[in-house]
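Produce the entire structure from the sequences given, and follow the hints as far as they go.
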Amino acid sequence: MQELISRAKELLADGTVARVLGWRAGDLPYNPEPAYFTTAEELENFVYNGFCGANLSKYMIEASKLEGKTMVCLKPCDTYSFNQLIKEHRVDREKAYIVGVGCKGKLDIEKAKKLGIKGIESVSGAEMTNAADTLTFQTIYGEKSCSYAEAMLERCHVCKGKEHMVYDELIGESKDTKDAERFAEVEKIEAMSPAEKFAFFQKELSKCIRCNACRNVCPACSCRKCVFDSTKFDSAQKANVDSFEEKMFHVIRAFHVAGRCTDCGECSRVCPQGIPLHLFNRKYIKDINELYGEYQAGADTESRGPLTNFTFDDCEPSIVTQR
Amino acid sequence: MSSAKNQAEKIKEISGVNPLKCMKCGKCSASCPAFNEMDIKPHQFVSYVQNGDIEALANSKSLWKCLSCFACVERCPRDVQPGKLIDAARQLVVRQKGQTGLAPEEIPELLDPELPQQLLVSAFRRYRR
Amino acid sequence: MSLNNEEFRPKIVAFCCNWCSYAGADLAGSSRLAYPADVKIIRVPCSCRVNPMFILRAFEKGADGVILCGCHPGDCHYSTGNYYARRRMTLLFSMLDYIGVENGRTRVEWVSAAEGVKFSQTMNEFVEKIHSLGKNVRLGDLRCRN
Amino acid sequence: MYKIAKENLPALFQLIAGERELYVPVNNNGQVNFAAWTEGAVVDLDTLKSVKSPKDAFFPQSENLYTCYKDGKKITIQPEELQNQNFVVFGMKACDVKGVEVLDKVFLSEPVDSFYAARRAHGTIVALACHEPEESCFCKVFGIDCAEPVADVAAWMVEGELYWKALTEKGEALTKAAASLLTETDEAKVEAEKAAIRAIVEKLPYSDLSLEGWNGDALTEKFNSPVWEDLYKPCQACGTCTFVCPTCQCYDIKDYDTGHGVQRYRCWDSCMYSDFTMMAHGNNRTSQLQRFRQRFMHKLVYFPANNDGMYSCVGCGRCVEKCPSSLNIVKVIKAFEKQGGDQ
Amino acid sequence: MQRIGVFVCHCGSNIAATVDVKKVVEMVQMEPGVVHAEDYQYMCSEAGQAKIAAAIHEKNLTGIVVCSCSPRMHENTFRTAAQRAGLNPYMVEIANIREHCSWIHKDMEEATKKAVILARAAIAKVNLNTPLQPGESRVTKRALVIGGGIAGIQTALDIADAGYEVDIVEKTPSIGGRMSQLDKTFPTLDCSACILTPKMVEAAAHEKIKIYTYSEVEKVSGFVGDFTVDIRKKARSVDANKCTGCGVCQEKCPSKKAPSEFNRGLNTRSAIYTPFAQAIPNVPVIDRDACLKFKTGKCGVCEKVCQAGAIDYTQQDEIVTEKYGAIVVATGFDTIKLDNYDEYAYNQSKDVITSLELERIMNAAGPTKGHLERLSDGKHPHEMVFIQCVGSRCSDNRGKSYCSKICCMYTAKHAMLIRDKYPDVNVTVFYIDVRTPGKNFDEFYRRAVEEYGVNYIKGQVGKVILKPNGKLLVQGSDLLDNKQILKEADMVVLATAIEPEPSVRQIATMLTASIDTNNFLTEAHPKLRPVESPTAGVFLSGVCQGPKDIPETVAQAGAAAVKAIGLLAKDKLMTNPCTAKADELMCNGCSTCANVCPYGAISYEEKEVNDHGIRETRRIAVVNNALCQGCGACTVACPSGSMDLQGFSNRQIIAEVDAICR
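Protein sequence lines, in the order shown, are assigned to chains P, V, C, B and L.
Mapping of the first sequence onto our numbering: residues 273 to 595, in sequence order.
Mapping of the second sequence onto our numbering: residues 80 to 208, in sequence order.
Mapping of the third sequence onto our numbering: residues 65 to 210, in sequence order.
Mapping of the fourth sequence onto our numbering: residues 336 to 678, in sequence order.
Mapping of the fifth sequence onto our numbering: residues 4 to 665, in sequence order.
Accuracy of the hints is not assured; some may be wrong.
The calculated lysine to aspartate or glutamate pairs, modelled on EDC-like cross-linking and capped at a C-alpha distance of 20 Å, are [what the hints assert, rightly or not]:
1) B/K669 - P/D299
2) B/K669 - P/E316
3) P/K475 - B/E374
4) B/K568 - P/E316
5) P/K390 - B/E374
6) L/K109 - C/E189
7) L/K26 - C/D102
8) V/K100 - L/D614
9) P/K337 - L/D614
10) B/K568 - P/E314
A few chain C positions that, by computed beta-carbon distances, are all more than 10 Å from chain P [said to hold, decoys possible]:
11) E71
12) Y162
13) A178
14) K182
15) E192
Hint data in this document are derived by calculation from the structure and do not stem from the laboratory.
Heads up, the beta-carbon is just placed ideally off N, CA and C, and yes, glycines get one too.
Structure below.
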């Protein structure tokens, strides 16, 4: 972290960048927020630890409009999103000075809380420099601990890898955190009967409160005006009337980001109701891989997405009933 | 009949070759160094598999005359690769005889860096027949 | 709507591309090849004009089945439209299947302008399929019922 | 004061649900929210906070206002019926109860919102003291005592027993209805629990938060402060904070075409959304900064200015926990505090 | 709110026998917007159309629904009728209650019910229709032909003869193309030069044709009817106005080591050269890579010997910008590289040659002055072997998957010519199939066998081995005799696959014309529009579209010319108004739509927008109405729903869906 701060100070000082986009220490041990820093003094509050899960690439859409370059800290998985945004002309590569930051898996405080850890006063083991496998919590109700992996975000268990897809320089090391199969959950659902599938999603989606957090953090959902907010499409709805709307919203959203979703996992991270929204996007990634060949959105900035492409001998839609 | 069909399917599966792609140009037979020794010629392998006449193929001299030099595989313009078909037919015969021909644990000893592995494997199958 | 409330009369929306399938449906008509009146056709310029939202919208508003017909791959009036439609619909149908909607409720069929018989057959089959599945209850908005 | 053993609560719920609707915190796939009690529902009284506040028992996320039916050229309009059945909300926390009080200020003052008023008239609240408050809680700042909730019935969970004390007529009536399962007891254990809870509250990191300066006086100064510029930036304009909040009261009214008519309904809206209060001429607030500022100015400045100093925040801490960008009202208050200190 | 009139047609009894038209009239009057409804025996008749016109006037109708036969039948009729009555034709919608209803249903109640629903859908759509105006764009009455081979020359001549100006851009120093390299042509054995050179001269002399040789297309912008093209005229180093074409410079040039492109590298040429004697224009160019003056600064012989003073070492490339209404691509072909075909020993022996090289050898102006001889030792051959399908019909990645189409015929031609001129030479042809569909083609091939004794062997060659004695050993198979053949040969001729001239890729990109996996330009429709590119205003001539022989090329060249003339003959282009349109405020500028547009109709502009008070410059999709054909692929690809299709808008289709489902 100190290395990051000093590098940020250097880049600010020599005029390479006009601002730094990173994380600012929060008022609780686990809630740092995305923030811009323009001076060395401000950088004193810069923080980078296991709780800095937010994908900053989407912030670069706005930052690309600002005068001068922005130093942005991107984790390996964030760089896929950034590439995809370059491909869609939503960010300006020239306006970004990308510092690829190391990542050892990001934490989900909700998971720790689910383990009964509450009244948290301080946390140790979440620092980037510390390779600790255990998180220790000082709480009002005494000292508690859990393993780092136990409190890790779902996406880190199926990590795409330690490599940054785009960067100007790299700071810090990354760790392999993958310990689960990316498509295992999807396969489990695929194996269910239609009634079970329906019940599963009904149960999950009935929790949805249409807060739009999933959409608004999603780097692929970068539309200036979402179709769900647009009166032009006759699809603007905010109601939470019955389960259909939620299904419609999430299915359409998954379709809109199909072939563009990098599987960054932000949707699931932010859902206040803990809905595993990645199951929608990952289903599409799996389908695309199986039907049209392996494709990782954001691995490059030029290739055609699977939905803006075709081959003459693509499978027919009836494959859905045949599989 | 149905077993012949199954065997033909098996050969296709082992070789990964689709005999229907053959346009009967004969480049395989034109390339084959063992052509004169063969009763069934390389370009005929394809139609034998296509027609399901595996019995004749399995009993042919050609099966054991093929040198596995893979000239036909290399030159076939349609990716039909008769050499792979004959190799698959051999495997089928070997399997039917209840042998694997070569136990995996025996291989390391036999390995000679100068020797192409393909030759080693196919020659070994032949001698263990 | 129906006089006999007991009988299930499905609502079926068929999107047909202007150049092949709509003409195929016309040919079915001029050849007097019957199919159930439950099928209502919407004309679109090309199968690639059909947005998945239209299909979900139909279900939302009470459709029991949606079928998309376009030119055969390779014959698209716009060269490539149906290739895009094919991928889009494959993925949409896969998602509907994934969330537990019976996968027989959606279908894509390539019908040329000369295939009046195929059009009629396809519609007959599809209506029969929807009959076997019964009323769509998994993907409709409650407010549109009754 | 009465008590009932924890293991007898299902029987209590069944009894209450037998005669009126009962809302309890239910665990659905790991998330706890208030929902109608049904046989087999996983009631969860241990989780401190439901994800959504229980405000939708009185102010549902979506509710129908009236329905138009169209038959040929004939149109009939049928208003939605008002709540006319009694119901109980069991397990609200002191902050949530205070939240309802905030809503009352909005919906029960003239012109009275009849939908809301009907629900309030028919609803009985059983509030549960917070056994183990958490670090995100700051109800104390707003003068709320989570150890002693003020509702129709106040309840405490102590050592496997639920203590029950009716505070209003409605509470008395519910107590009478549930009498067969309640036994009389003294308050000793409850007093000890209260003391314990209050001791913990003192230790909470946000308990010393100061609201100094957050009165209606400094309105323009606050409005024009440069602090907002820095604060709003991480905000991604989702509505999470609004939708989990027990006091947010804004709604939108929309029409839904049912094919055979129109349903007019209202649903929660969020001031964080870009189309919030969108009118024919466009939008009052064109930037996220303005929308962000609106939310906190409303809660901390405008509302108290119009409601005898009552803030429209109750310190439940849900936004602290749920904001995708880790923003929250506490950070806003602190940012101004810091700025004040700097000057 | 629209004022809609609904007109229900009986179509005699075609509709009325199964659909209760009176009931339909009664029911549709309940629909929003409908202010008028009536039925009539034959709506499409003059009387029926008059009823529509009367209603438009009397009721001030803003939209019309006709419940009748298929729109494919009479949509145009009713649109025209509406237009005559002063209504925008795009305010008319048809409910197809004949083909899609009365003709397929028997039960009257059911058919009537369905007819009402179909009418409702059409009414719901008309409620959202907006008047559309076809756009107009001007047509520059000049065509560009890219490529100066026989395809390009023929196209240019045909267009010019129709009275329009044509420019030909040819990248080599002379027009003529591949055909000028051929000796004789099949199946008539005409001398290629004898039939081509008059055409070249005619093109050069034509007052409407301007020829840019040694030039390349650099940039294309604009669209159908209005293209702007930058042409790079490469520096020739010779002033074309002064040069008399005497040829002394070429004779005296001391640097004569450059391989002759025209002779496929079989011999050399001077650094200042014309590719061949009949070149048009007959103005040499200096190959600056080979010229001593340019390489060392010393020499200048040509300048000294040129009496006309035409040599200009200081000449620079020049960019000419021209406007065109139509562009014809005629970039032709080349033979594939044989580097991947070691087995034929092409790179090992000078006596293994391609068929095109044989053309040069056989040609009196070629490297051997028309004598058939081995290039290795100049000896006369006695045994010649031809190998067919070299690199054609290959599904591996070494060759091409398609049939090159011309090889069977030219090989028969070569075999015949050799046997005719040198009866002592034995000719053997190894073939897979002999394909001779074409007028007098099979007769020609049979003559080679029957009259000239050419030995055709069915079977492919596996290997050609260079023997120490300089001979070639051809190992092939004879599938009919089931034999492997070892044949000694003096020369081996490879019927090498042809491929589109590689530079066509850049040209296609500039034109946004689509191209297939083999680099052949794609036609707008494989059956019905074979000489048009999907990109409006771009036409295809010759092998750039697919393998062809000369007569086919000439025929296609003429067809492309006719299509171009048809375009140039128009003063203005009326564009289909049902085109896509992006909502500026919603567009993300993400380029997704452009990726799926088959016509290259979408481009992006940096544009200042006022989004509810926020002014900013954004990247925004702009649809060119002259190019857009209205398929709608972009509308679905667009993630924000910004892109919509006029006439089939999202809201219109959704309204139809709603009307059907309610």
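Verification of the supplied hints:
no., hint, in the structure
1, B/K669 - P/D299, "9 Å, holds"
2, B/K669 - P/E316, "17 Å, holds"
3, P/K475 - B/E374, "17 Å, holds"
4, B/K568 - P/E316, "18 Å, holds"
5, P/K390 - B/E374, "30 Å, violated"
6, L/K109 - C/E189, "19 Å, holds"
7, L/K26 - C/D102, "19 Å, holds"
8, V/K100 - L/D614, "59 Å, violated"
9, P/K337 - L/D614, "15 Å, holds"
10, B/K568 - P/E314, "15 Å, holds"
11, E71, "25 Å, holds"
12, Y162, "5 Å, violated"
13, A178, "20 Å, holds"
14, K182, "15 Å, holds"
15, E192, "15 Å, holds"
When the structure is compared with the earlier hints, violations turn up for hints 5, 8 and 12 and for no others.
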